[in-house]
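Asker: As a plain string of letters, each chain reads:
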Amino acid sequence: MNAILRIVMLKELRESLRDRRTLLTSLVLGPIFAPLFFILILKLALARSVATQDEVAPVTIANAAAAPNFVQQLRESGLEVTLKDGTDAEIRAWIADTDGLVVLRIPDNFAERFLRGAPAAVMVYADGSNSKAERRAHRVYDAIARYSSTIGSLRLQARGVSPSIAQAVVVDNIDVSTPSARATLLLGMLSYVILLVTLLGGLYLAIDATAGERERGSLEALLTVPATRARLIYGKIAAAATMMTLALALVTASIVAALGYVPLETFGMSANFGPGVAWRVFLTVLPFTLLGAALLTVVASFTKSYKEAQSWLGVVMLVPTVPIAIAGVLAVQPSISLMLVPSLSQHLVIQSLMRGDVLPLSWVLLSAASTLLLGLGLAWLAGRLYRREAILG
Amino acid sequence: MIQVEGLSRSFGAIRAIDDVAFEARDGRITGLLGPNGAGKSTTLRILYTVLRPDAGTARVDGIDVAQDSLATRRAIGVLPHSAGIYPQLTARENIAYFGELHGLQGGTLQKRVDELLVELGIGAFADRRAKGFSQGERVKVALARALVHSPKNLLLDEPTNGLDVMATRALRALILRLRASGHCVLFSSHVMQEVAALCDDIVIIDHGRVVAAGTPDSLRAQFGATTLEDAFVSAIGDARGLE
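Chains as they are written, first to last, in numbering that gives the first Met the number 0: chain A, 0 to 392; chain B, 0 to 242.
Please keep in mind that the hints were generated in silico from the structure rather than gathered at the bench. Mixed in with the good hints there might be a few duds.
Label pairs and their calculated CB-CB ranges [as the list claims (entries may be wrong)]:
no., chain 1, residue 1, chain 2, residue 2, range
1, B, Val232, A, Gln309, 43 to 49 Å
2, B, Gly106, A, Arg215, 35 to 41 Å
3, B, Gly26, A, Arg215, 30 to 36 Å
According to the in silico footprint, chain A covers these stretches of chain B (three or more CB under 8 Å from chain A) [unchecked claim]:
no., region
4, 14 to 20
5, 98 to 110
6, 135 to 141
We put the CB at the ideal spot given by N, CA and C, even for glycine.
Please build the complete structure, drawing on both the sequences and the hints.
Answerer: Set out below in structure tokens:
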């Protein structure tokens, strides 16, 4: 390695690692807390979807005396029945007072119509704008529909007709997704997290080494040492890339650790993110650190102050996520030409690793090569930019 | 030894320096004196190779600064106008970093840094991080950084800016020692007393042009003034009168 490059790189790293604030945002907040936060959200979402399925559905039944068998059937189909008589107006008042209340009112003529074989109407009262009431009301509809269908079948049988004649089409639901693929849908966001946290790892160093150095007034002195400006800036890019590599290693490790706390298996999913996959994810994203470091350095070189660099880089940080977002919306499948797009290719490779699919090695190498090439191009551009006099600000 | 001939540089429509010529010899202290915005910093920046001249030549020990900037940088030690140092590094590390960039290593580097710590009186705060340093302490470190590769020529841009009396005196003593050991010292200042107290040769610049040059005695004689300040005022006044 070039001596100047190494000297500059080590000095930038030493400074960054000593600055507690930089260290906190680069290597603690991003790599450790981002995955934890993400997985907490995932866990809550999963817990909620399970809770919704198993939720008891309370229902208040008015005038239950008019249809004791019907009420008994509803009880047996899992509804939590409370009996309370009231008029239409009273029921409306209860619902206004009680969050998520669902009331089933049975008219007095229920038994008479039922026995006659005419459709017996019942009224379900619920606040349709309240999602909890809406969910409970659906459970009540389902229970009533099942009861209605059972009685209907019995009536047909009693008249010597096969109940199946009333079913013209039935649906059999066959889910062919593998457990990993189902999890990937939820874990798809993880490659966003990995790429963003990796970039964040080098963000402060990139700003500090360019705009920060100028703002503190040490740049001019640095430019009077007998080294080409390109060498100096390559050293700074190498330092930022090293910080990003550290952040990347930490974030993959913390994802492995954190996923251990999400009981994905109980929902028929498997998180294919063990140490073996994590290691491959690390290698996949590794070339991206050079690109990210060079990109941030180039942009920071144009800015006049630390603050300006911070606000610009906040926007630039989002650039690598754009292809991923577009691909997500279009549900893009991996292809050889997409391997040429940095960030998207890393995203696709990570996705297939987590899904347990194997992409051709040549594709993975193409992703690495194109990313590295663009990174080297941007590093060269940074070197050119530093030759301008305007760099002094 | 620094020789400047016909040096000009514009920024857009503004002519920062115009046909500047002077010489700063070894074993002498040369002062660039002029009001703020006169072109002192632009001249020095061309000499220490961060700016390129539009016309004219500048040589340091015979090396053309525009042709061979790397060789020039080896021959000069620079204290730029904004002499910031790295807040997360100690004074010692700040100096050693520049030593390394100048190609010093190992025992040689360590020995040289130790020498400078003593010579500039940095010893007491050598191993403290620079973020809490006073302006005087910062300038001392920046000076040590400029001297780490033992350059023959020194370019100091307003070195006494923001220094208290004691620090200024220490700096003066250092500059005199450097002269005694045969260095060529070129420094800029807008402070009359500063220049009067130190300089063997004075170059007065105003509006980007050299309006007068010579030893303090010859300048006084030239303008028929009893003090250097009077000479300075009439030199600049003359130049403004001619506009």
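Asker: All the hints need checking, so say for each whether the structure fits it.
Answerer: How the hints compare with the structure:
Hint check: Val232 of chain B to Gln309 of chain A, Cβ distance near 47 Å, so the stated range 43 to 49 Å holds. Remark: the range hint 35 to 41 Å for Gly106 of chain B to Arg215 of chain A is contradicted by a beta-carbon distance near 31 Å. The hint said 30 to 36 Å for the Cβ distance between Gly26 of chain B and Arg215 of chain A, and at roughly 34 Å that hint holds. Residues of the region 14 to 20 of chain B with a Cβ under 8 Å from some Cβ of chain A number 0, which does not satisfy the need for three, so the listed coverage is violated.
By the rule of at least three residues with a Cβ nearer than 8 Å to a Cβ of chain A, the coverage given for the region 98 to 110 of chain B holds, with 4 such residues. For the region 135 to 141 of chain B, the proposed coverage by chain A is not satisfied: 1 residues have a C-beta within less than 8 Å of a C-beta in that chain, short of the threshold of three.
The structure is inconsistent with the numbered hints 2, 4, 6, although it conforms to all the rest.
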